[in-house]
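Asker: This is what each chain is made of:
Number of protein chains: 2
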Amino acid sequence: MDQDILYHLTLGSGSHDLVEMFGDVKFVCFGGTPKRMEQFAHTIMAEIGHKLPCGTTLQDICQFSYRYAMYKVGPVLSISHGMGIPSVGILLHEVIKLMYHAKVRDPVFFRIGTCGGIGYEGGTVVISEEAVDGALRNVLELTVLGKTIQRPAKLDRRLVRELKGLADPEEPYDIVTGKTMCTYDFYEGQGRLDGAFCDFTEADKMEYLERVHKHGVVNIEMESLAFAALTHHAGIKAAVVCVTLLDRLKGDQVLSPKEVLDEWQQRPTKLICRYIKRYLQLKGRISLDGHGSIAVMSPRRFKLVQQESETYD
Amino acid sequence: MDQDILYHLTLGSGSHDLVEMFGDVKFVCFGGTPKRMEQFAHTIMAEIGHKLPCGTTLQDICQFSYRYAMYKVGPVLSISHGMGIPSVGILLHEVIKLMYHAKVRDPVFFRIGTCGGIGYEGGTVVISEEAVDGALRNVLELTVLGKTIQRPAKLDRRLVRELKGLADPEEPYDIVTGKTMCTYDFYEGQGRLDGAFCDFTEADKMEYLERVHKHGVVNIEMESLAFAALTHHAGIKAAVVCVTLLDRLKGDQVLSPKEVLDEWQQRPTKLICRYIKRYLQLKGRISLDGHGSIAVMSPRRFKLVQQESETYD
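So the sequence lines, in the order shown, correspond to chains A and B. Under the UniProt record's numbering, residues 1 to 313 are what the first sequence spells out, in order. Under the UniProt record's numbering, residues 1 to 313 are what the second sequence spells out, in order.
These are computed hints drawn from the structure, not numbers from a lab. Check the hints yourself; a few may be wrong.
Remember, identical chains collapse to one label, so a pair may be satisfied in a single copy or spanning two.
Derived PhoX-like pairs: lysine-lysine, alpha-carbon spacing no greater than 25 Å straight-line [claimed, not checked]:
no. : residue 1 : residue 2
1   : K26       : K237
2   : K35       : K51
3   : K35       : K72
4   : K214      : K103
5   : K283      : K237
6   : K72       : K250
7   : K72       : K51
8   : K35       : K205
9   : K154      : K214
10  : K35       : K103
11  : K51       : K164
12  : K147      : K205
13  : K164      : K147
14  : K147      : K214
15  : K51       : K214
Using the sequences provided together with the hints, build the complete structure.
Answerer: This is the structure:
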């Protein structure tokens with residue numbers, strides 16, 4: 001075709017110089033809401049010491065899509081994906097095409113999200129080892145031309161270890177890894193009793209949650225299956241890092257105060273920022289002593305990252 | 001439970017007087033983007049002559065959810081649902097609970113959307129008779145506690161006829177009815193060749209689209225299955241009215257200029273506004289001669305609406 005219109009991003013290969021605009025991207029960070037991803041953009045800008053020209057500010061590149069918000073901070077894109085597999089799926093198709101048109105080599109994709117924990121208190125950070133659906137299958141099922149196909153929902157194991165290795169023991173919360181269950185519904189689909197409908201009992205729900213927990217599922221959310229499957233299919237290194245808002249073994253409703261929830265949501269952000277900063281420091285794109293936080297890392301952990309990062313580029 | 005927190009709406013039965021806030025609602029209108037539903041709120045406000053107190057303006061009731069936008073104009077709620085079945089599904093659970101807490105009797109739900117036409121040019125208005133999935137099944141499939149369940153995706157037949165009866169023959173576009181296919185993906189799921197991946201040919205795609213068209217499918221979108229199934233399950237009268245942005249038998253990409261797309265998107269809005277206005281006029285809530293457009297309706301169509309509306313309340 002003459003040009004490729006990335007309809008939901010309000011970008012196009014004919015109307016925009018995508019290489020000039022996005023050619024320097026290395027990390028693409030996704031999260032649910034436009035607000036959170038605007039905040040993430042400002043946070044990563046401070047963390048990596050990215051300077052904007054005098055008299056300029058960040059602008060939502062997709063502001064006229066009214067669907068997704070996208071901010072660019074040097075080598076980092078910060079994009080909101082909305083809720084659920086279809087919403088993140090449309091976005092991934094278009095961002096993968098964007099990376100292709102922009103000639104970006106080996107980008108790393110992160111999803112920064114919220115979730116329900118299974119056996120973990122609110123505020124716990126979960127790095128997904130793989131995604132499974134509500135029937136514990138490690139695949140994304142799609143109906144294509146009327147036929148059901150399956151795509152493995154795999155995530156990069158090394159990236160999981162690297163992120164886990166960046167955990168700061170000083171911080172007052174756990175960072176754990178495990179399987180992430182991804183559902184198409186927040187209420188019945190996640191075994192909640194408090195939706196508009198519910199045809200099962202508290203006992204049925206607990207039996208189900210205990211069963212998936214024994215299978216290795218540590219949290220439940222609504223995007224990881226598509227995120228893992230589509231990035232894996234495209235050969236893109238990707239990770240999913242979420243914070244739990246409650247322990248589903250203890251309840252269904254999110255009851256913590258807004259200020260507490262807001263602080264919890266900073267936790268996955270901190271981990272991803274640390275990863276990006278470390279990568280850029282190792283590549284010499286920002287100075288090692290420029291922003292302080294290197295000092296809190298133990299030499300062992302720093303070395304781990306250094307070794308494993310060598311596979312990039 | 002003590003109180004019900006409608007988490008994604010930032011409302012709760014304990015923290016808000018939901019009867020006082022929402023007890024007078026009769027119509028709930030849903031659409032994809034916050035912008036479109038803000039515009040819809042202003043349009044319906046002008047159409048029904050709803051006056052705000054001096055010195056006030058409409059405010060997004062869910063502004064701090066950063067997920068959905070909700071505007072209230074007298075008896076009309078206008079809410080954005082994001083993209084895809086999970087996003088509209090979460091919202092429907094919470095809005096159905098909101099109607100229950102607010103003691104609203106017999107609300108009518110409308111989805112106003114955009115879609116791909118099958119055999120219809122861009123700009124055609126489609127009123128859905130029922131929703132089917134990508135395998136032509138007239139059900140929403142859900143995984144609940146690990147088991148697959150199915151909910152009929154039925155819409156109100158009389159409401160379809162009433163809306164069709166409000167078509168204005170003077171308007172330069174068609175208003176048609178038929179089956180609406182609802183998919184979990186915009187690219188592969190709708191047989192598009194222009195996604196990040198595609199494992200089928202143009203001929204495969206055309207064979208599929210022709211096949212679903214013969215089955216009575218006139219358009220494809222991404223929310224109607226959940227919209228039909230959840231409202232039907234709750235016993236809520238509902239309709240889906242979308243405008244086509246292109247004829248999928250002729251292409252995959254949305255190529256029309258923004259101004260044209262914007263004008264097309266007003267078309268379902270006009271029809272729904274006409275319906276709501278007529279209902280309120282018949283109920284004596286607004287005057288018959290207050291806003292002019294009654295004059296363009298034929299007596300026959302007016303009578304049809306009047307007769308059939310008698311079943312409400």
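Asker: Which hints, by number, does the structure contradict?
Answerer: Failing hints, ascending: 4, 6, 8, 10, 11, 13, 15.
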